[in-house]
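Enquirer: Single-letter residue listing:
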Amino acid sequence: MRAALATLAVACCGAAALWWGTEGGQALTSEAARRLDIARAPRALPDVVLHDQNGALTHLSDYRAAPVVLEFVYTTCPDICLALGTAFERLDAALPRDARLISISFDPADDTARLGDFADRYDATAPRWRVAGIKGDAARAALLDRAGVVVIPDGFGGFVHNAGLYLVDAQGRLTAVFDPEDTRGLRAALADDAR
Amino acid sequence: MRAEPCIAAGVALVVLAALPPLAPWLQSRLPLVVLGQYPLLVLGGALIGLRLARGRRAGWTAAPALAGAALAMAFWLVPRWIDAALADPTVGLARALCLWLLAGVPLGWGWAQAGPVLRGFALANAASMLAVMGWLQLAIPARLCNAYLLSDQRLLGIGFLAATAALVLSLSARAFVGRATRRNAPARA
Numbered sequence: 001m002r003a004a005l006a007t008l009a010v011a012c013c014g015a016a017a018l019w020w021g022t023e024g025g026q027a028l029t030s031e032a033a034r035r036l037d038i039a040r041a042p043r044a045l046p047d048v049v050l051h052d053q054n055g056a057l058t059h060l061s062d063y064r065a066a067p068v069v070l071e072f073v074y075t076t077c078p079d080i081c082l083a084l085g086t087a088f089e090r091l092d093a094a095l096p097r098d099a100r101l102i103s104i105s106f107d108p109a110d111d112t113a114r115l116g117d118f119a120d121r122y123d124a125t126a127p128r129w130r131v132a133g134i135k136g137d138a139a140r141a142a143l144l145d146r147a148g149v150v151v152i153p154d155g156f157g158g159f160v161h162n163a164g165l166y167l168v169d170a171q172g173r174l175t176a177v178f179d180p181e182d183t184r185g186l187r188a189a190l191a192d193d194a195r
Numbered sequence: 196m197r198a199e200p201c202i203a204a205g206v207a208l209v210v211l212a213a214l215p216p217l218a219p220w221l222q223s224r225l226p227l228v229v230l231g232q233y234p235l236l237v238l239g240g241a242l243i244g245l246r247l248a249r250g251r252r253a254g255w256t257a258a259p260a261l262a263g264a265a266l267a268m269a270f271w272l273v274p275r276w277i278d279a280a281l282a283d284p285t286v287g288l289a290r291a292l293c294l295w296l297l298a299g300v301p302l303g304w305g306w307a308q309a310g311p312v313l314r315g316f317a318l319a320n321a322a323s324m325l326a327v328m329g330w331l332q333l334a335i336p337a338r339l340c341n342a343y344l345l346s347d348q349r350l351l352g353i354g355f356l357a358a359t360a361a362l363v364l365s366l367s368a369r370a371f372v373g374r375a376t377r378r379n380a381p382a383r384a
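Chains A and B supply the protein sequences, listed in that same order. Under my numbering, the first residue of the first sequence carries the number 1, and numbering increases by one thereafter. Under my numbering, the first residue of the second sequence carries the number 196, and numbering increases by one thereafter.
The set of hints was computed from the structure by calculation and includes no laboratory data. If you're wondering where the values come from, they're calculated on a predicted model, not measured in any experiment. Among these hints, one or two may not hold up.
Coverage of chain B stretches by chain A, computed from C-beta distances (three or more under 8 Å per stretch; other residues unrestricted) [unchecked claim]: (1) 245–259; (2) 267–275; (3) 328–342.
All residues carry an ideal CB built from backbone N, CA and C; glycine is no exception.
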């Protein structure tokens, strides 16, 4: 009896720790935890300077008047960034006129020419859809950290990163992250915000 | 083994697994973390737990100790916390201490106190859990940890399945071959 009660007590403590550690079973991965955290507590993004496909410089804070959708890519990506580009193509066709799209490259090697090539691939035209790099290593690290973007080398000269569509509201706060294929969910969230 | 060397070996294993120069290498790949660093930390604690249990009879503590060890290990196998331990050194330290003191020590203590039925149950449970985790790592198409590659996840899955096979083969050998050998062995004069 003593053993059973002690085992039960230990099991309850362990289950409580697992419940806490996974936010009630909702966040088994850090990606799920990040999305949950952003949805619960939208976060302000640092005001970094972006250089776009035309060589123009803009601040992230320049986009405060209307909702913005961000994605983080690198222009030579053979994999998930292609899906992200396609998702932005769909959003470009479907979102209201005042909404803005920014494909932000985290690769410091992405210069204006490479950003332009990526933009041409999807007919991205500024100011509606900018393809931009981030000025400065510290600013790049700060933005990636704040958005919860984790970039690791893939072992073949490229990168592996967590992909998503990042909704930023008119106050410049990151309010939600969606899967690249979930453009419908993002549009619904935008419509909710507009109400 | 005398008390001091046993405990010293336990501490040495933890130092080896949790501190440079080995720790950064062990944390560089997912299979090395889970199938290298974790077992070293747990073994370091288990050696101490085994030593602490020597000469003490408290059979009723075996089941809660083994359950606690299993739950502590399960917590640090949650992908979210594997990522967090790599990203935040404080969480990494908490993980090392937890695997050492809350998983390893109770495992050693509980194993020493457990009877054959409980030991058999624990081993069978470990084999099934290892198999399920291996299957999950191979079956889930997306990366579970942001900090590690999908290829590492696949390797970990294969590692879990290999550990399952080794455990099942070892148990089978002890259950069938070992017993048969003893039964058939001639009595000593």
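Enquirer: Determine for every hint whether it applies to the structure shown.
Expert: Cross-check of the supplied hints:
no.: 1; hint: 245–259; verdict: holds (count 6)
no.: 2; hint: 267–275; verdict: holds (count 6)
no.: 3; hint: 328–342; verdict: holds (count 5)
Going down the numbered hints, you'll see the structure goes against none, and every one checks out.
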